[in-house]
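Peer 1: Here the protein sequences line up with chains A and B, keeping their order.
FYI, our numbering numbers position 61 of the first sequence as 61, with every residue one higher than the one before it.
FYI, our numbering numbers position 80 of the second sequence as 80, with every residue one higher than the one before it.
None of these hints come from the bench; they were simulated from the model.
You may find that some hints are simply not true.
No more than 30 angstroms apart at the CA atoms, straight line, and that leaves these computed lysine-lysine pairs for DSS-like [unchecked claim]:
id, chain 1, residue 1, chain 2, residue 2
1, A, Lys-38, B, Lys-567
2, B, Lys-567, B, Lys-295
3, B, Lys-319, B, Lys-494
4, B, Lys-576, B, Lys-494
5, B, Lys-597, B, Lys-571
6, B, Lys-319, A, Lys-38
7, A, Lys-38, B, Lys-597
8, B, Lys-520, B, Lys-355
9, B, Lys-319, B, Lys-577
Quick list of simulated restraints, FRET-style, between CB atoms [claimed, not checked]:
id, chain 1, residue 1, chain 2, residue 2, range
10, A, Asn-249, B, Ala-548, 19 to 27 angstroms
11, B, Glu-423, A, Asn-249, 48 to 56 angstroms
12, B, Asp-17, A, Glu-371, 58 to 66 angstroms
13, B, Glu-352, A, Arg-51, 44 to 52 angstroms
Here are some of the chain B residues that sit facing chain A, going by a computed Cβ distance under 10 angstroms [stated by the list, open to error]:
id, residue
14, Leu-554
15, Ala-555
16, Asp-561
17, Glu-570
All C-beta atoms in this analysis are idealised placements derived from N, C-alpha and C, irrespective of residue type, glycine included.
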Amino acid sequence: MPHPSPDVEWGAGDASREPAGGAMPAHVYFHVPFCASKCSYCDFFSVEAGRAREQAARAYEALFEQWAGWVSRLGLRLATTAYVGGGTPTALGAARVAAFVATVRAEMCEAHDPEVTVEANPESLDEQTVAMLADAGATRVSLGVQAFHDDLLAVLGRPHDATRALNAARTVVSHGLELSVDLICGIPGQTLDMWRSSVHYAIETGARHVSVYPLSLESGTPLAAEVMLGRYRALDEDLVADMMLLARNLLEDAGLRRYEVANYAEPGRECRHNLAYWTGREYLGIGPSAHGMLRAETAREAGFVVPEGAARVRYAVAADLTQGFGEWPAMTVETLDAEQAAREDVMLGLRLAEGVALELVERAGLGVVVEGLVARGLLERTADRVRTTDRGWLLGNEVFGAVWTG
Amino acid sequence: MTDPALIRNFSIIAHIDHGKSTLADRVLELTHTIDEREMVEQVLDSMDIERERGITIKAQAVRVMYDGDDGRTYQLNLIDTPGHVDFTYEVSRSLAACEGVLLVVDAAQGVEAQTVANALMAMNADLEIIPVINKIDLPAADPERVRHEIEEALAIPADDAVLTSGKTGQGVRDALEAVVKRVPPPKGDPDAPLKALIFDSYFDTYRGVVALVRIVDGRVRKGDLVRMMATDTVTDVQEVGVRRPANTPVDELGVGEVGYLITGLKDPALVKVGDTVTAAKHGAAEPLPGYRDVKPMVYTGLYPIDGDQYPDLRDALDKLKLNDPALVYEPETSHALGFGFRVGFLGLLHMEVVKERLEREFGLDLLATAPSVEYHAYLTNGQMLEVHSPQDMPDPSRLDRIEEPYLKATILVPPDYVGPVMELADSRRATFKDMQYLSATTVEMHYEIPLSELIMDFFDQLKSRTKGYASLDYEFIGYRRSDLVKLDVLLAGKPVDALSFIVHKDKAYPRAKALTEKLKDIIPRQMFEVPIQAAIGGRIISRETVKAKRKDVLAKCYGGDITRKRKLLEKQKEGKKRMKNLGTVEVPQEAFMAILKVDEG
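Chain B extracted, bound-state conformation (with noise of 0.2 angstroms):
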């Protein structure tokens, strides 16, 4: 057991592209955790989609022992947080971990939403934040504007920001030597009974369930007879070790450490993020606070294209779930599309994420339809239904009303883009609270947003009419009344399940037309003049028609080059079996995402 003055417990936080992963790398190059000829770039973003990619999606812990400046040797547990508002829930947990953090900040990019709001979630956390103005190595950097931003922004002193280069290592020691000096010690009672937050879990195929763990008060070693305290479970300790990045066993984790207990249990559900492990016999009375049952926000439909996958998508699902307990599924039937799951997931880069594995690491090869969010459907009777897919959204008879999830987002954007904010908020529903001018080159506007509105393709939308320079920021903020309404889209005359989505009823008609427009584009002809109608309870409201195909022929005569000609063929076969067929109808897969990218106008 380590003394606690020689332990520092903390972690980097910074928006999305800021460095913060090969800063991360940096640090452990530095300390010898890892010697160069191991170095892989992103040494803790472990999945190959968090290296593409360049975000964190799993908590990881690493200790590092690093010789400070002052001759003693200090213990530092570096633990890595996703990036991303998805997993704001996650990050929270992660920082009750830590006693400090580094907030890393792009010296040109400056401060951007996720800056702040992780700013934010330190201060009310207690930590001691360690500015650092990272890529000091770009050509664009301009470190004394940054601190500036930093200053006026997030009221964070920053003279004594620390400046680095993840690319060149410069400064990763003075951020080590800013750690030790000014992050504080952890305290706690080494007497009283176990106290540890899990800030994360991970299923070993082997080993059954391993819990990353900070320890708050008490021990624990192998062999302990152990219980979550929120999930009421009992195992005893099979393993207790640190991460170095590889796991290490040690004898017992004392106050203050960050490691890993092997759990031995098989089931991932009992461990979850943010509980608090404590002894089975004479444990704490209370557990650690900030415990929270994390529920979807985003669903989807997704459906194996070859309708023989579908035992292969369940099983799938019940793997990646080992490791993601945020995941949510229940099998769905479309009359469209057969059988298939509907999904829950933290939000769009999470349903992103998990899709692209299920393709990637599976060979899956899936269509999903529209995200929706969980509508709450109070009935005349007085029942509510959670409706997660809108072809569960009742007859209107039987509904007394229905209330959706509404967010607070937080923008920040050069006050020259403010106009063009404003412009697509008005078009969302979004309600303005207010804004303030942070600094001479950001401004902060707060809008309250339904979740529907903000996951049918507002990012892009932001990102796009304020040139890239807006960051998008959001919480949960509760269920609120909406007058809304289902509508149906059919293809041939028949409606097709899977495409119907539930909308505002002022923006019914106007999303309607874009829609079916949108659809006319991205249905090709067809042997047959398909027409497309969208519907509100059996009432058509727009309908275009795809006209039926004339012309499509190879005229051209390559000198004698058939096999071109077969390929070519064959390609066009390829690409129809990509294609759904509805009935008569081959739709391709893009269909069932259309009413993410329609523009009213």
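Bound-form chain A, shown alone (with noise of 0.2 angstroms):
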């Protein structure tokens, strides 16, 4: 399947590179609150599906119904990506989420390629739903794995084993559709060399994508907790950072280069659902707990009230199943004006590891801030952009903090 190439297709938080017709959000996330169980680590909305039967139902046809209702207040003939993630979509079972991706996919702008990315876990990943999806429309699926390494697994409560990630990866590629593998580091127990063996693990699989997340322990977490009660050390920093950096190397061996903070890709298939988020693109959030972005005008059709001298909407879904769903479920809007919605573009674009454009950076007024970062090491400048470091991009919440509060 062809790739559009990237620099076609997006640019650091330039909006008027929108695809032709404007105002239209060109992509969409689902947000499916259901998992089979709570992982140990975990602090995003989802409930377990075994004892939400019911809901689990009525939330699928919700999402049938705020996603007509975006349709019919706005047309959205030309989403170009979409994204169900969870939660695990796959809880709610094969056929109703095959039937969903097949419903979004007809909607989509087939001229722009659509991507589809679906998130699945390896317990409910068999042969017959990646089959289901596949042929529903869904071009990429993004697997929950964290670990290949059964013990690590537990300590995150994931309710599978590393067998079956591997198979259901296999299982995936095998089908033709475009494999994304999430691993994470820094898990209590593990080692430097249980990482390297994951990370190439999951180059085996023939992902083309991979996430690397470090684990961040939330508060209010069961693993948290246990940390706090001594049951579990939490990884050394420095650890960490050496975990980063050499799944980074290898994973640029194995040709998948890093394109955001956490995030490698072959060139050309690097997540373009994702890319959004990062360069100030439009996006619609749909179910519990999504989140959206929306630039006021695009705000004011969908029928939001957008104060005077707003240039950018966010709202986040009400993270619960009776509210969040309905068609036109309860939310929390936050504005932001012109100047602000700059610093953001320059604050996500530095995520990314080409950076963004200078002519931003000014716009934002962001010159001395950047200079300072650029000083400290933490920045370097290439002829019309800047972006960071391999220190920055470690650091990076010091080049974001900057960024965003001065």
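Taking the hints as your guide, dock the two standalone chains into a single complex.
Peer 2: This is how it looks when you write it as structure tokens:
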């Protein structure tokens, strides 16, 4: 399948390069808040599917309704990427997910070579499910593997083992779908050798897209509690930094280039949907706790009340099965003015390996701040762009914090 | 004026949390001094901090009228006293205004260190002591055991101890009957020159300093010209009244009565607790005994986190001092922290309360340095310096010797925990004096210990090593010579004066090591490596390093939740703001208190 060149398809924070047709978001995220079981480190909104069978059935209907609502308000003929995430969408049941994917795909812009990603976990991804997703029009599967090591999977409270993960990955590839593998480094008990082998296995699956996340212990999760109680030891952050560098080296040797803080891909196979988040593109969020971003004029068209002077609207759908569903769900809305939006674009654009255009930096009034970050060795300049150094990559919060909070 | 035969002046004394303030509430209800609809919990604890922490900081006096079983109406003056060892002198003056006390003991907890200390003070003041076993409604209440403890530990007959529950009100009338029957009425000479004991004072914005007094001899009326004997200050009385608990003017206060005098004075320092008020002309020849000039025991540096708040801090301290004459302060400058104040307190609780009030009532954001004591530095030229801050300690070459304040500490603990107490005391330069078994469940141990060791987290350590059973009381016994040195701390090679502290020579190494290790944990990793060194007179004796930060990045993608990422960055910035910038190093506030929390093991 041919892929559009990234240079044409996405540019840092430049909304004027939206596909023709303008005020219609080309990117849609669906949140399916159900999982087989809750992992010990997870603080996303999700509900155990086994306990909420009826709600899961209703949720599936509700996603259709919300989607249809947006389509009727905005006429989303031009959607180019869709991301069905969660949660574990496959926890809804293969038939439902497939039917849902087919419906979404039918509304998308075929001329723009749609990208349809479905998040999946190994325990609910069998041969039949993969086949159904492929038939329905999914193009990518993002597989939550996290580690190819049973002991570490147990620490994370994952409901699958390494064997199952490997098999699920191969199944995806064998059906001709793009495979992305998620890995986590910094798991209590993980050694550099364990990490090296997990990265090797990920490459071995044939995935041409890999995401590497350092574990973050979120307060309120069982894992954070266990670390606090001393049952597990959090890894030294120097070791985690070494793991991130090791993964970068191994993956780049395998031809997967780091294009974002946590994402690696064979050039041309970057996830276009995720790139939308970092490049100031509009996107819709549908389903409980989903997030969306719209330009003020789009938001007004969709029925939002947007104050004078606002340039950008961010909304979050209520993380609640009863309030988050329905055609016009409860949501919290935040607006940014043009200057804030520009700062945000620089902050997000600096997550990308290629960085942002100097012209955008100037427009955001961040020349001096960026100068300081260059002086501190966190950023470096190319001809007309600025991007993070290796140090700035690993110390991203210093960079993003300086850009956002000045 | 009331016939002294119908007056009873009494106080309620208790260990903290044994229910003193709740019992006082019930007394006010039962005597209809406050009706139920006005009732708030702990009426006499008027400050928020007092209510929240369940402690009494300011003394209070309230007059209640009680219809006794004998058909007569009595004027009872309840003097509520602070319940903490920091305020021992204030308590002693409150007790001097009484003829009796209700000694309240928790029916489950039994006798504790402050029960003993308070009972001893009441005995020394020759007061009638009525034991009250409170909280009998608790499931764990064991009044018989507690009765036994009171007799054994305090040698106070407890056969007729009153059983009460402040919660249900049970027994409260019995307690008041006991006050009427057993507390002697006040004695005094109505025709002698006025002698009134000041047992507390407060500042009223409109009317100036108001003194709470007990009339011993004579009488006082509005318009009388009076003299405060210790400060030799003459003023005319603007109003005389009693507290019910709102101020209620009366024509005069006579022998045995308790009330207030509006002095018209603007300077609280002229109206001292323990001083005697007499007539300006033909006054008493001798003041009442027991007056003492109160001196602070503990000093700390208070600095505004935001330097612009310095004038606000000064104003706030000036305002607090109006109602808290024990508070002393002088400007202090630190290279590390800028402009602030060296503030003296009666003790650690007093310090905490003042800091909390400054932050809460005046909206200040303060950084406190580790508390220190007043050292007496004797120079080779014979001169003596009072050193309140480690940074003011003279160079060793100019020093002949240093003396530090010592305390007599009394610890009450169950026999099973005697070992851990000994261990802790040994690690804190305490000298064991004696111990005695008060009962099968209580041992009383006596130590002499430097105050500087006691303020180093001693109480928390004592509590944790005895599973919370030990209780502590102490009194100042004098200055003693010690082999002390000043330890300096350097961050990234630069001395940080606010981290210096005085330590005994033998403890300098372990404490320096423990402190640098602790600081390494407290100071977050920064963009550059930060060496932490401890030094005595330029010689480095301990070193740790905070490694440079290598990884700090939010990698996870929350389905496009950018708001959350931004909020985290904003929080991160807020966190940095609360840190103190020392050169290039960002230091959290708790670093300045780290020395209190080190355990050299």
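Peer 1: For the pair Glu-352/B and Arg-51/A, does the Cβ-Cβ distance stay inside 44 to 52 angstroms?
Peer 2: holds (48 angstroms)
Peer 1: Okay, Asn-249/A versus Ala-548/B on CB: inside 19 to 27 angstroms?
Peer 2: The hinted range 19 to 27 angstroms holds for Asn-249/A and Ala-548/B, with Cβ atoms some 21 angstroms apart.
Peer 1: Would you check the hint for Lys-576/B and Lys-494/B, treating anything up to 30 angstroms between C-alpha atoms as holding?
Peer 2: The given pair, whose Cα atoms are some 21 angstroms apart, holds under the 30 angstroms limit.
Peer 1: Taken at face value, is the distance from the CA of Lys-295/B to the CA of Lys-567/B at most 30 angstroms?
Peer 2: violated (48 angstroms)
Peer 1: Straight-line Cα separation of Lys-38/A and Lys-567/B no greater than 30 angstroms?
Peer 2: holds (25 angstroms)
Peer 1: Quick check on Leu-554/B please, does its C-beta sit within 10 angstroms of some C-beta on chain A?
Peer 2: Check passed: Cβ of Leu-554/B comes within 6 angstroms of chain A, closer than 10 angstroms.
Peer 1: Within a Cα-Cα threshold of 30 angstroms, do Lys-319/B and Lys-494/B meet the stated pairing?
Peer 2: violated (36 angstroms)
Peer 1: Has the given pair, Lys-597/B with Lys-571/B, been kept, meaning a C-alpha gap of at most 30 angstroms?
Peer 2: With a Cα-Cα distance of about 27 angstroms, the restraint between Lys-597/B and Lys-571/B holds, given a limit of 30 angstroms.
Peer 1: When you check the alpha-carbon spacing of Lys-38/A and Lys-597/B, does it fall within 30 angstroms?
Peer 2: violated (39 angstroms)
Peer 1: Is it true that the CA of Lys-319/B sits at most 30 angstroms from the CA of Lys-577/B?
Peer 2: Given that 30 angstroms is the threshold and the Cα spacing comes to 28 angstroms, the pair holds.
Peer 1: Holds or violated: Lys-520/B with Lys-355/B, Cα cutoff 30 angstroms?
Peer 2: holds (26 angstroms)
Peer 1: Taking the Cβ atom of Glu-423/B and the Cβ atom of Asn-249/A, is their distance within the range 48 to 56 angstroms?
Peer 2: holds (53 angstroms)
Checked against the numbered hints above, the structure breaks hints 2, 3, 6, 7 and satisfies the rest.
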